[in-house]
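The listed protein sequences derive, respectively, from chains P and D.
Read in order, the letters of the first sequence correspond to residues 1 to 148 in this note's numbering.
Read in order, the letters of the second sequence correspond to residues 149 to 878 in this note's numbering.
Honestly, the hints are just simulated from the structure, not real lab data.
From the three backbone atoms N, C-alpha and C, an ideal C-beta is built for every residue, glycine too.
Pairs of lysine-lysine, DSS-like flavour, derived with a Cα cap of 25 Å:
id : chain 1 : residue 1 : chain 2 : residue 2
1  : D       : 613       : D       : 594
2  : P       : 122       : D       : 656
3  : P       : 112       : D       : 681
4  : D       : 589       : D       : 550
5  : D       : 656       : P       : 66
6  : D       : 681       : P       : 121
7  : P       : 121       : D       : 656
8  : P       : 67        : D       : 656
9  : D       : 656       : P       : 126
10 : P       : 112       : D       : 656
Here are the computed distance ranges between Cβ atoms for each label pair:
id : chain 1 : residue 1 : chain 2 : residue 2 : range
11 : P       : 50        : D       : 733       : 55 to 65 Å
12 : D       : 677       : P       : 74        : 45 to 55 Å
13 : D       : 771       : P       : 46        : 54 to 64 Å
14 : P       : 46        : D       : 667       : 28 to 38 Å
15 : P       : 122       : D       : 771       : 27 to 37 Å
16 : D       : 858       : P       : 74        : 53 to 63 Å
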Amino acid sequence: MAQDQIHVLLADDDEDDRLFFSDAIHQLNLNTVVHAVEDGEELMNWLRKEGNPRPHVVFLDLNMPKKGGIECLEEIKKCPHLKELSVAIYSTSSSQKDIEDSFVLGANIYIKKPNDFNVLKKAMGKVISMNWQFCTSGLNKESFILNV
Amino acid sequence: MSILELSENYLRGAFVISVTLLIFIAGVSYKQFHSYHKSQQLVMQSHYSQKSLQTLISHITGMETYQRSFIISGDSAFLEGYAGQNDKISESMEKLKSMGTDGNINLAHLDSMERLVRERKALFDDTMTLFAEGASLGDNLRKGNGQTRKIRGLIEHLVADQGELLAERENASEKSYRISPILMFSTILLALFIISLVFIALTQILRKYNKANRKLNINNEIFKQAEEISGTGHWYYNFHSQTLVFSDNQYRLLGLTPNGSPPKLHQFLQKVHRDDRTELIRKLKYLYHNEACEEGMDLKILTEEDMVRCIRMACKMISDDQGNKILIGVNKDLTSEVNAKEKLSQLNRKLEIQIKMLSNAEMMAAVGSYSYDQDKGTYEFSSNLFRILELDPENEELTEEKFLNAIHPEDRVRLEKVRKKVGVATVFESNEFRILTSKEKVRFLKYTYKLFKESGKKMLVVTLKDMTEETITKKSLEEKNKELYHSNAELAEFNYFASHDLQEPLRKIQTFISRITTMEDIHLGSKGEDYFKRIQRAANRMQNLIIDLLAFSRTTNSEKIFEITDLQSLVIQALNELNQEIEEKNAIVHYDVLPTANVIPFQIKQLFVNLISNALKYSKNKVQPEIWIKNEPLTQQDLVDFNSISVDKLIKLSIKDNGIGFDQEYAESVFVLFKRLHNRSQFSGTGIGLSICKKVIENHRGTIRAHSEEGQGATFTFVLPILGGQTLVP
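Using the sequences provided together with the hints, build the complete structure.
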């Protein structure tokens, strides 16, 4: 059972968002374990710490104290051990600049935080059940933003 | 010349001497010849006298013989001879007498001769008479012999005399003959000698003359050439012979061929231009009467080809050695000078105008300038430089020192360095400096300079632009720009705040509401549910407001990057974005093949999105919404609106719907920010959408108009320049 568990890691400084996130995932009943950290620094530490499971997807909020999502993304992509990780940007921002920056830096998907819990659930379901191997290979800008 | 004159005198003397000598020789010769002839004649006469004397004696002897023969023979035939001899004796006697009168024979002797002859003749007659009487003849014959002897003796004497005279005369004649050849010969030699001298002298003189002549010829040629080159000509008029002589170039000046037929004075005067002729004639008359000279008068003459030529003429009246009055004149062709002068004065006038224009231009452009002659070290300041320095160009002076002192002390050192460097081509980093005017005001100047060589002179021309106003404007602009930059930065921050931070709590509210309403284990009751729905609507509206406001501020502030874009593709993108609404409303959208234009793509897409969503939103109940996007022909009004753009550089599109429309009265106000025509409960909306459209069209320097009637649908029409706002001068 434990071997089938899907680990996802979320970095978000907003407590409410972390709550929505884990609630949504739990309600999906996908045998998923959510690990949550509060900022970028904590995220990097968690990732580097031995013994921690390798997450299926890393969800990155962009606007975080200490270390922002973009910086984390850069760091992950530079690190040889981590660069293969699938990264999903999870942000309130819908600004073109943020989308483009994260795309250029190698994020796999961009999720704009929905304002409806049901939509959020749908989105999570899609992302987690996504076949990342296919996704990382035919990357394009149109499919980068997640449509729910 | 004096040598020639001297030698001429010598030659004249020599000539006179030689002529005198020759005349003398001729005279002497003649005289000699004459005397010789005379003496010869005398000799001849002597010979003749001798001969006559001998003839006489022979006749007497002959008469004697005839008488005797007659006497002896009695033959009367001898009487004939006897009478003949008698006549001949008388004849001879006459001859002798005539000779005697000529002085050849001594007359006394001749008289005695005559007497003796007469006696003898008488004796003959007596003898004849005696014979006729038959008397004795012996006495008479003896007497006769004696007389004949006497006569013979006298004749012999006379002949001897004549012989002496002859000898004497011959001697004299020979003597004179002997003296004259020597004299003549020597005289002729002398004359020849003199003539030879004269000849030698003459040849030398001739040689000199030839040499002088050659020089003269050369000089003459030089003179001709000089006249031709300098455009001068000369002429003279002999009042006595009434002849006018022109130099070669004088002909040319008058447009004639040199060495043509000599012109007459009146013809020459006819050549002079009407305007000057009277004056010239007056002057010439004056010259004639006063023997004065005219330093120079300027005349216009007409050449053969009817061209007007300007000449300057100097005249002088002179008299030659025969007292003939001769008027000489020298002309110079001033045509080219006059033309050049005319051109120069035209240029000068132009230059003056240009200088005035320049000075006006300087004033307008707030530019002053000065030139510096590096060789002379002199300055020339333009009048506007005076004005910049607040000096009066008319009454105040500007010197190098004064100008340098006007430079602001803080800039002076820097400019001094520049001043010293000038001459080497250097580009200076900053060419701005300040000056203090005479009224102690600070002005900002900018300089440019140029060094150049003008006819060998090194000139420096410095142009100074008064940048005071520009500098002040620039400074205030810079400040305003800074402010703008700050406010823009603030706005950007606000934008981020609005897009992120402001939406963040709202999103949570919405999410929590959605959670609550979907939770099965919570019972809200019907009122609670209604309230939650109202909260949800309010939250949604706020979110829309935020999103629209953001969009509006983006159209105002974001970077406006124009790209050549296919408008049709933008319409398709907009339709894709609105896909959900279109499907919900089951709307039909028609669109033409749309052109390509230079636009800001995301803004135009936004424009289409807003206009189409508006059309969908305000559709009629129970009527299938239809939307038409069309190319429209340009109207006169559009051309007036875009008077600087030609027709083929404009596009006009319309978006028409079959919705509820609105009163034309509101056609303007629909574009006003937050302006709404309908109640929120009827139609949701923020009142920003059309304002964004207007903003977008303004960004593209186009126009947008709305046309509608209540219940008749609405049409939004916009016109855009194809090349976009960039190419337009604001």
